[in-house]
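Q: So you can see what is in the structure, the chains are spelled out below.
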Amino acid sequence: MALSTFGAIMGFAAEMVRETETFYKTMLRKVEDPVLREVFRVLAEEEAKNCALMERTRRENVTEMILEPVAGLHQGDYEIAAAEMDQAGDADLLNRALILEERAHRFFSTVSDKIPLPEVGRIFRKAAQRKEKSLIKLKTLGSAYSDAAGLDGFVKSP
Amino acid sequence: MAFPQEPMSGIKKIKNYINGEWVDSETREFGDVWCPATGEKIAEVPFSTAADVDQAVQAAKEAFWDWRCTPPLTRARYLFKLKDLFENAFEDIARTLVTEEGKTIDESRGEVRRMIETVEHATGVTTMMTGYNLEDIAQGIDCTAERQPIGVFGVIAPFNFPAMVPWWFLPYAVVCGNTYIVKPSEQVPLTQTRIFEIIDECGFPEGVINMVHGAREAVNGMLYHPDIKGMSFVGQSATAKYVYKACGETGKRVQALGGAKNFVLIMPDAELDRHMPSMITSFYGCAGERCLSGSVLVAVGDVYEALKEKFVRAARALNVGNGLEEGIQMGPVVSKKHQEKVLGYIEQGIKEGAKLILDGRNIKVDGYPKGFFIGPTVFDEVLPDMTLAKEEIFGPVVALMRVGSLDEGLKLIENSEYGNAACLYTTNGKTAREFKYRAGASMMGINLGIAAPMSFFPFGGAKGSFFGDIKGHGREIIQFFTDTKVVIQRWT
Chain U
-11 MALSTFGAIM GFAAEMVRET ETFYKTMLRK VEDPVLREVF RVLAEEEAKN
39 CALMERTRRE NVTEMILEPV AGLHQGDYEI AAAEMDQAGD ADLLNRALIL
89 EERAHRFFST VSDKIPLPEV GRIFRKAAQR KEKSLIKLKT LGSAYSDAAG
139 LDGFVKSP
Chain D
15 MAFPQEPMSG IKKIKNYING EWVDSETREF GDVWCPATGE KIAEVPFSTA
65 ADVDQAVQAA KEAFWDWRCT PPLTRARYLF KLKDLFENAF EDIARTLVTE
115 EGKTIDESRG EVRRMIETVE HATGVTTMMT GYNLEDIAQG IDCTAERQPI
165 GVFGVIAPFN FPAMVPWWFL PYAVVCGNTY IVKPSEQVPL TQTRIFEIID
215 ECGFPEGVIN MVHGAREAVN GMLYHPDIKG MSFVGQSATA KYVYKACGET
265 GKRVQALGGA KNFVLIMPDA ELDRHMPSMI TSFYGCAGER CLSGSVLVAV
315 GDVYEALKEK FVRAARALNV GNGLEEGIQM GPVVSKKHQE KVLGYIEQGI
365 KEGAKLILDG RNIKVDGYPK GFFIGPTVFD EVLPDMTLAK EEIFGPVVAL
415 MRVGSLDEGL KLIENSEYGN AACLYTTNGK TAREFKYRAG ASMMGINLGI
465 AAPMSFFPFG GAKGSFFGDI KGHGREIIQF FTDTKVVIQR WT
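Protein sequences, first through last, are from chains U and D.
Residue numbers for the first sequence, in our numbering: -11 to 146.
Residue numbers for the second sequence, in our numbering: 15 to 506.
By construction, these hints were calculated from the structure, which means they are not laboratory data.
Each hint should be verified, as a subset may be incorrect.
Straight-line Cα separation of at most 30 Å, BS3-like style, residue types lysine-lysine; simulated pairs [what the hints assert, rightly or not]: (1) U:K102 / D:K27; (2) U:K37 / D:K450; (3) D:K97 / U:K114; (4) U:K37 / U:K125.
Fair warning: this is a prediction, and the values are worked out from it, not measured in the lab.
Please put together the full structure from these sequences, using the hints given.
A: In C-alpha cells:
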C-alpha cells in the first residue's frame, strides 16, 4: 500500500511506534540479563514518548491548505515478518529489537526527506537521530554478547 | 488517545441545544442525513420552526448581560478550556465529519485543526478588543473609544466545512461578550452536534452558545428576528445576497460569504513537477467542494501541452474512496442531489463543445456501490463563454483553458462575476507581483493552490463572492462583533 497522504504516513508511524513499544514492554518480563532489561526499559519509555509525539504531530501539523499527495513511500518497504517470541532467549530478543529499531530509523529518515511539511520533516529527522542512538546502544550490547559467546557476527543487520 | 474507527452507529435523531440543554424541536418535519461514502441514511435532522429560533434568541438575550459583564480574560478562559477539550476529541470530531460530509480523513483533520486555531486566536481578546484614547482633544477634554459587545449574533453555515466555518465567527463573538446561535447546514448537522456536546462539557453559562438545526424556516427565523443584532453567512452567492438584503431590511450587521469561480494561472516558467501535487490538491481537494478550490486551470503561453499531460496523469492517479480510509485522496461529494448537479454540469460541458479528456462520471469504488462518487474530471478546449468557465460547479471538474499572456489571464478573472480567490504559479517575482496587484480577487495564492487565510487574517472574497464589509476572522472581526463607544469627558 502506498503511503501517499499525510494521514497514511502518520498512521503508519504511530502503528509502528506502538508495535515497538508493546514489544519492549512485553519482553521486559522475559529478559534475563539485567543490562538488557534496563536497555529495554529505557527504550520502552522512549517509545511511549514517541507514540505521544506521533499522535500530537498528526493532530497539530495537519495543514488543510497544503495537503498535497506524497510520492515514493510504500508501507511494504517497512513491513517485517511477525516473530514468535514465546521461546526466545535474550539473544533473540536483542536481535528482534535491532530489526524494529533499524526499520524505524529507515522509515523516519526516508520520510523526513519526502514529506512536504518542514515541521514534520524536522520531527522525523529528530526521531531518526534518536533511533540511530538506540541502534548503537543495542549493537554495542550485541557485540558484548558475541564476544562473551565467542561468536562472530552475532548481531545480524536486518 | 484512542482513534475510534466508527464514530456512530444507527439512525441518530438530532436535537437543538438551547439555554444549556438538549431540546426537541417543535417541528414535525425532519430531513435525512446521509453518509456520502456508503449512500446510507445515518440521522434525521429537525427542520426547526421560527418558534424554536425564538426560544434560542430569548435564551441568548437573557444570557447576554451577565456574559457581557464577565471580564474578557474570564471569557477567554472558557475558550482555553474549550481548546483542550477539542484537542481531546480531535479524532472523534474529524471522523464524525467524514462520515456525514465525505471528505478525506486528512482533510477533515485539517479542518478541525483550523477550527481550533480560531479558538486559539480569539483567546487574545484582551489585546484585540482594546480601544484607544486621546487627551486634550479640546482644552481639558479627553476622548476615549471603547469596544462594547452588542447582543445576540448568529451564523448560518454551509455543508462543505461543517466543523470550521461556524468557528470563523463564534469564538470572536462570544469572547467579545456577545451571545450566539449556530444554525448548521441541514445536510451535515452531526459535526456541530458533537462539537456542542463538548461545549456543554466546557460549562459555558446557559444561553451563551446555542444551536438550532433546520432549513428555510430556521434561516428566515434568524434573519428576521428583531433581537438578533448581526448575522454571518457562508454559502451560495444567491443565498448570500438574500441574507444581505434581509439583514439590511432588519437593520442587522451582516457578513455574507458567497460562492466562487477560482482561476489558477500557470506561467511558462512555472515548476510543473514541483508544484503538480499542490495544483491537484487545489482542484480535487475536498472533491472540489470548497470556495477556494481551483476551478479553471489556465495555461499561459507554451506551457499548455506539458501542463495538460502532467495534470491529467496526476489527476487520473488519485485514489478515490471512503474518506475514513487512510490513504484515500478524494472522497465522494456530499449528496446524491449534489452528485446529480455536478454530473449535469459535465453533460452541459459536453453539449457546449468542450472536450472531455478525463471522465469521472462512471467511477466505481470497490465496496461502496451506493456512494456519491465522481472521479477526477478534466475538460479541455474550454472557452470563456461556456458554462464550465463561468458557473460554480463545486465538484471535481476542471476546465482547462489557454491564453497567450498574463494580461489575457487577468482579463478572465476580471470578467468573472466572482472574486473569491485566484492563484498563480511562476518563478518570476515581477510576474507574481503584477498578478497579485491587479487580479480582482481577495484571496491570492502564489505557487500554492489553496489561498486559505488562517484565523489571524481575514477570510472573504470580492464581487459576487462577498456581501458585507467586514470579512470572516482576522483582527477586523472584532469590529463586527463590537460597537465603538466614544466617550468625551471634561473634569477640569
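Q: A separate judgement is required for each hint: does it hold in the structure or not?
A: Status of each hint after checking the structure:
About 45 Å separates the Cα atoms of K102 (chain U) and K27 (chain D), which puts this hinted pair outside 30 Å; it is violated. Restraint check: the Cα-Cα separation between K37 (chain U) and K450 (chain D) comes to about 45 Å, which exceeds 30 Å; the hinted pair is violated. Only pairs whose Cα atoms come within 30 Å are accepted, and K97 (chain D) paired with K114 (chain U) is accepted, the gap being roughly 28 Å. Under the criterion of a C-alpha separation no larger than 30 Å, the hint pairing K37 (chain U) with K125 (chain U) is consistent with the structure, at around 18 Å.
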